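Chains as they are written, first to last, in this note's numbering: chain Z, 1 to 155; chain H, 1 to 155; chain B, 1 to 112; chain D, 1 to 112.
These are computed hints drawn from the structure, not numbers from a lab.
It should be emphasised that the depicted structure is a prediction, and the values quoted were computed from it without experimental measurement.
Take the hints with a grain of salt, since some may be wrong.
One-sided excerpt, in silico: chain Z residues whose CB lies under 8 Å from chain H [stated by the list, open to error]: (1) 9; (2) 10; (3) 36; (4) 130; (5) 132; (6) 138.
Covered stretches of chain H, as calculated for chain D (at least 3 residues, CB under 8 Å) [as the list claims (entries may be wrong)]: (7) 48 to 60; (8) 111 to 122.
A virtual CB, placed ideally from N, CA and C, is assigned to each residue, including glycine.
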Amino acid sequence: MAATAPSQSAPLAALSSTATELDVRDMVEALGAALTDAGIDGDLRGSITLAVSEALNNVTEHGYAGRAPGEVHMVVDLLADRVLVTLSDSGHGMPGGALPPGLLPDSSGARADLPEGGFGWFLIHKLCLDLSHTRHAGRNTLRMTFPRYLAPEKS
Amino acid sequence: MAATAPSQSAPLAALSSTATELDVRDMVEALGAALTDAGIDGDLRGSITLAVSEALNNVTEHGYAGRAPGEVHMVVDLLADRVLVTLSDSGHGMPGGALPPGLLPDSSGARADLPEGGFGWFLIHKLCLDLSHTRHAGRNTLRMTFPRYLAPEKS
Amino acid sequence: MQLTCATHNNIKVITVEDNRIDAASAIRFKDEMRTLTDDGADHVLLDLSGVAFVDSSGLGAIIASMKQMGDGRRLDLAGLTPDVAKVFRLTRMDSIFVIHKDMAAALQRAAG
Amino acid sequence: MQLTCATHNNIKVITVEDNRIDAASAIRFKDEMRTLTDDGADHVLLDLSGVAFVDSSGLGAIIASMKQMGDGRRLDLAGLTPDVAKVFRLTRMDSIFVIHKDMAAALQRAAG
Ligand SMILES: Nc1ncnc2c1ncn2[C@@H]1O[C@H](COP(=O)(O)OP(=O)(O)O)[C@@H](O)[C@H]1O
Ligand SMILES: Nc1ncnc2c1ncn2[C@@H]1O[C@H](COP(=O)(O)OP(=O)(O)O)[C@@H](O)[C@H]1O
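Sequences are here, hints too, so could you generate the full structure?
Structure representation (C-alpha cells):
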C-alpha cells in the first residue's frame, strides 16, 4: 500500500479477484485496510467501503449471472481532494446500457410488503460524489468518485 | 470521450481489447484521438502515445507469451496537472517481480551489433513522470503518470 | 454466521457475534434468525453492537428476519455502530425498526 | 505496409506510404525493405515524411533494414516528423543514422 506515495502516482491499491461473495468480501476488507493506512477513517471510510461493496456485489450477482464467476479488478487512487475507485469486469452490461437510476425502494406499505433488496444502486448513487459507467469491447468500467475529506452523504 | 468532464470524474477513456498487435494499435489510436479531443497535442500527445504503445506491445509480446492472447484494459484520466494511464492485464508477471529497469541498449559497437530491440522499457521510463507496477491475484496493473501540460522528456 | 441468544425481562436478545452481515453471510443470517425466532417470542431484540459492517444484502436479511416473524411480533434493534446506523438511515429503514442506542437502553425502556 | 521507390542523383529513395511503423507492421516493413534494397544500391534514402508514429519495434525494423544492407552501403533518413524524431533522439539512434531535414536537403547534400 503506497500510503505515503504522492497523489497522482501509484494507486493506493490495485486488487483483483474472482467475483464470488467471499472473494469480494476480502476485497472490501483490503480496501478498508488501505483506506485506514492512508488516514481515511470514520464516516468517509464507511461510505466508501459500503458503496464499493454494493458495486462488487452487483458484479457478483448480476454481472456474471448465468455464467461462471469471472474476474473483477479494482484500482483505488488518492487524489488531492478526491478518492477514485475504478472497478472493471467482463460481465454483462448494464440493463439498457445505462447506469440503473438508484431509486429508493418503497417501504411505505405493510410489513409483509417491505423491500428486502433493490437498495444497491440507491446506496451507490447516494454515497458517490460522481459516478460513471463505460462499456467497451465486453468490459465494464465503473468509476466511483468520493470526496477525500468530507462525509459524502447527500441529504 | 468525456473531454469536457471535470477532472477526477469519469475517465477520459476506458478501453479494452485483446492483446494482439493490430488490436493494441487501434487502442493507441483511440488514445491519441481522446487526447486530441481533450486538447492534449504535440509533443505531449506523442510522448503519451509512444509510452503507452510500448507498454501495450510488451503485454502482447511478453505478457501473454506462450499462451493465447488475453485481454488488456486501459483507463485514462485527466487530472488538474497530470495524465494517468492505467493498464491492466492477466498475463505473466514482470521478470523477477519488479519493473524492468529500462537501460538504454548499447549502440556503440559495429553496425552489425546494433540493437534491434530492448528499447521498450527504456522509452517508458524516459517518457513517464512516474511509473508503478502492482501484481495481485494474477493481474498486473501498470500505472503510468504523465504531466498534463509540459513535455515529459527527461534529459 | 454466529448468533447467541439470551432472555432478559421477557425479551429475547439475539446477539450477532460476527462483525459483518454482508452478501456472503446474509442468507445464513436469515436462516439462523428463523431458527432462533421460531419459538414465538413476542419481543425480540437484535444486538448489533459487535457488527461493524452491514451492506444492502445484510440489511435485506434483517428486514426479512422481521417479516418472517409475522405481524404482531416485534424485532427491535440495538447497538448500531456508525456505519450500520448509516445504512438504516439512508434507506429510511430507521423509521421501520425501533432502534435503541444500546442494550441497557433497550431493556430499560422495555422494563419502564 | 506500402513502400514506394524512385531514383534521384544515383540515390535510391524509398518512401513509406503508411503513417505508422509499429509492432503490427515492423516485420513487413523490414521484409519489404530487404526486397527493395536487394539490388545493391549503395546509397538509400528512406523518406519518413508521411510517417507520424514509429514505436520501438518500428525503430528496430529500421535499424534491421540498415544492418541487412551490410557494411559499405548507406541508409539515410529524411523528413522525420516530430514524434518520429523523438524516438531516434531518445534512443540515441540519431547519432547512428544520417538524418536529413527533408528530401530536398538530402538530395542537395548528395549532389553538392
Ligand atoms: N453489474 C451489473 N451488471 C449488470 N446488471 C446489473 C449490475 N448491477 C445491477 N444490475 C441490474 O440492476 C438491478 C438493480 O440493482 P440493485 O439496485 O443493486 O439491486 P439489488 O440490491 O437487488 O442487487 C439489478 O437487479 C440488475 O438487474
Ligand atoms: N508486460 C510484460 N510482462 C512480462 N514480462 C515483460 C513485460 N514487459 C517486458 N517484459 C520483459 O522485459 C524485457 C525487456 O522489455 P523491453 O525493454 O520492452 O524490450 P523489448 O523492446 O525487446 O520488448 C522483455 O524481454 C521481457 O522479458
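Results for each hint:
no.: 1; hint: 9; verdict: 5 Å, holds
no.: 2; hint: 10; verdict: 4 Å, holds
no.: 3; hint: 36; verdict: 18 Å, violated
no.: 4; hint: 130; verdict: 5 Å, holds
no.: 5; hint: 132; verdict: 4 Å, holds
no.: 6; hint: 138; verdict: 7 Å, holds
no.: 7; hint: 48 to 60; verdict: holds (count 6)
no.: 8; hint: 111 to 122; verdict: holds (count 9)
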